[in-house]
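Sequence lines, in order, name chains A and B.
Mapping to this note's numbering: the first sequence position 36 is 18, numbers consecutive.
Each number in this note's numbering comes from the position in the second sequence (counting from 1) with 6 added on.
Heads up, some of the hints might be wrong.
Unchecked claim - If we take Cβ atoms under 8 angstroms as the criterion, some of the chain B residues that face chain A in the derived model are: (1) Pro29; (2) Met31; (3) Ala32; (4) Val34; (5) Phe51; (6) His63; (7) Val67; (8) Leu68; (9) Gly132; (10) Val249.
Said to hold, decoys possible - From the structure, some residues in chain B lie toward chain A, with a derived Cβ separation under 7 angstroms: (11) Gly33; (12) Phe71; (13) Met134; (14) Asn136.
What the hints assert, rightly or not - Derived DEER-like restraints, expressed as beta-carbon distance ranges: (15) Gly33(A) with Pro61(B): 21 to 31 angstroms; (16) Ile241(B) with Pro34(A): 30 to 40 angstroms; (17) Leu38(B) with Gly35(A): 35 to 45 angstroms.
Bear in mind the hints are in silico, worked out from the structure with no lab data behind them.
No residue lacks a Cβ here, since even glycine has one placed at the ideal position from N, Cα and C.
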Amino acid sequence: MSLSMSEQPTEPGIVLTEEQKRRRRARSLAIALSLGVLVLIVYIVTVVKLGPGVMSRPL
Amino acid sequence: MSLTSESVELTPVLPGPAGYAEPSMAGVGDYLALMKPRVMSLVVFTALVGLVVAPGHLHPVLAGFALLCIAIGAGAAGSLNMWYDADIDAVMSRTESRPVPAGRVLPGEALAFGMTLAVGSVAFLGLMVNWLAAGLLAFTIVFYAVIYTMWLKRSTPQNIVIGGAAGAFPPMIGWAAATGGIGLESILLFLIIFFWTPPHFWALSICRADEYARAGVPMLPVVAGMTETRRQILIYSLVLAPVGAAPWLLGYAGLAYGAAAILGGASMVALAWQLRQAPAGAAAEPVAKRLFTFSILYLFVLFAMLLVEHALGIEAVGIPFGRVIS
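The following block holds chain A by itself, in its conformation from the complex (with noise of 0.2 angstroms):
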């Protein structure tokens, strides 16, 4: 089907409902959090894997 330049669609594509975007929200703060947690796990698994040595690196 093809729409003329003066047709505009009368649909409003897809619209979430309440309880999609509820789950949306939740996988987003989901993934945010595990995100936040990796960032951390990986700060300290480099400090105890190369010890104080890493604060001492020569410029």
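With the hints as your guide, set chain B onto chain A.
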């Protein structure tokens, strides 16, 4: 003894592509379910035992990180399994409510989730711990997701025998993370889980044979019949009992472990014998369920005893603990 599926024509009653909701209705819990948390807990526990009883020393933070990577890797394998097996899962009551067949998670989402976790867990384990452990983890994920799920599960009644190796690798990965090598004891731990898997899963499949047949999965009871399955369960239990006691017999564990292994192994054989002698048909199912439940307890107790003996510093009998083959 027929152990191939050539002689039996299975006609699966599978639905079309798994239904899905658009846009996604997946909740955070659905993604956790994709990782098979119950399987993951067993993987973490056995990997922990491998890591703790190994002779090498790993900083507790690195050990915890290694366990996290192994757990995430197991979750990745579970997610890939649920992505590929959605059609089978949809026709079995035990699995029909899983996120993909139930339509809460799109198949593509499960695939992407599994691949991301797989690559991430292997890469971080390699970078932060060592590449032998990472390589074993990668092999385990590929073995479970590709060799078992995509190939063996649908093509041979030996699916869970060979595929069981995937579940047997975690203590070896834990050992490799701690030592950078592969020890004889880690191979023994591998063998215990390897020989434990057939009686454990076949006991379950005896109770679910109709569903496996409907799904077209050539499990042993479907292809070779109940009598042959019960005979095979007994044979594997007879092999498992001495293998379970091997860490004590070879001097890698103490008397408490030895006693638990002998008592547990004898009970496994007794239950398998009881199942073999049970009348055919539905009467055998309660015995199969008992064997299935006891097998979980048996494996847990064996590995827990190793952990407890090590924590309490109980001396192993005979050959000193921990030879490492690098």
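Quick rundown of the hints versus the structure:
1. At about 6 angstroms, the closest approach between the beta carbon of proline 29(B) and any beta carbon in chain A falls short of 8 angstroms, and the interface hint on this residue holds.
2. Hint on methionine 31(B) holds. Least Cβ distance to chain A is approximately 6 angstroms, under the 8 angstroms limit.
3. At its closest, the beta carbon of alanine 32(B) sits 7 angstroms from a beta carbon of chain A; the interface hint therefore holds under the 8 angstroms criterion.
4. With a cut of 8 angstroms, the hint placing valine 34(B) at the interface with chain A holds, because the nearest CB-to-CB distance is about 5 angstroms.
5. The interface hint given for phenylalanine 51(B) is broken, as the beta carbon of that residue sits about 21 angstroms from the closest beta carbon of chain A, more than 8 angstroms.
6. Checking histidine 63(B) against chain A by beta carbon gives a least distance of about 13 angstroms; that is not within 8 angstroms, so the hint is violated.
7. The beta carbon of valine 67(B) comes within 4 angstroms of a beta carbon in chain A, closer than 8 angstroms, and the hint placing it at the interface holds.
8. For leucine 68(B), the interface hint holds, since its Cβ comes within 8 angstroms of a Cβ in chain A; the closest pair sits about 6 angstroms apart.
9. A hinted interface residue such as glycine 132(B) counts as satisfied when its beta carbon comes closer than 8 angstroms to some beta carbon of chain A; here the least separation is about 13 angstroms, so the hint is violated.
10. Interface restraint check for valine 249(B): the shortest CB-CB distance to chain A comes to about 36 angstroms, outside 8 angstroms, so the restraint is violated.
11. The restraint placing glycine 33(B) at the interface with chain A holds, with a minimum CB-CB distance near 5 angstroms, inside the 7 angstroms limit.
12. Among the interface hints, the one on phenylalanine 71(B) holds; its C-beta lies about 5 angstroms from the nearest C-beta in chain A, closer than the 7 angstroms criterion.
13. The interface hint given for methionine 134(B) is met, as the beta carbon of that residue sits about 5 angstroms from the closest beta carbon of chain A, less than 7 angstroms.
14. Evaluation of the asparagine 136(B) hint against chain A yields a violated restraint, the C-beta minimum of about 11 angstroms exceeding 7 angstroms.
15. Judged by the Cβ atoms, the range 21 to 31 angstroms given for glycine 33(A) and proline 61(B) holds: they are separated by roughly 22 angstroms.
16. For isoleucine 241(B) and proline 34(A), the hinted distance range of 30 to 40 angstroms is not satisfied, since their beta carbons lie about 57 angstroms from each other.
17. In this structure, leucine 38(B) and glycine 35(A) meet the distance hint of 35 to 45 angstroms, their C-beta atoms being roughly 38 angstroms apart.
Hint compliance for this structure: hints 5, 6, 9, 10, 14 and 16 are broken, all remaining hints hold.
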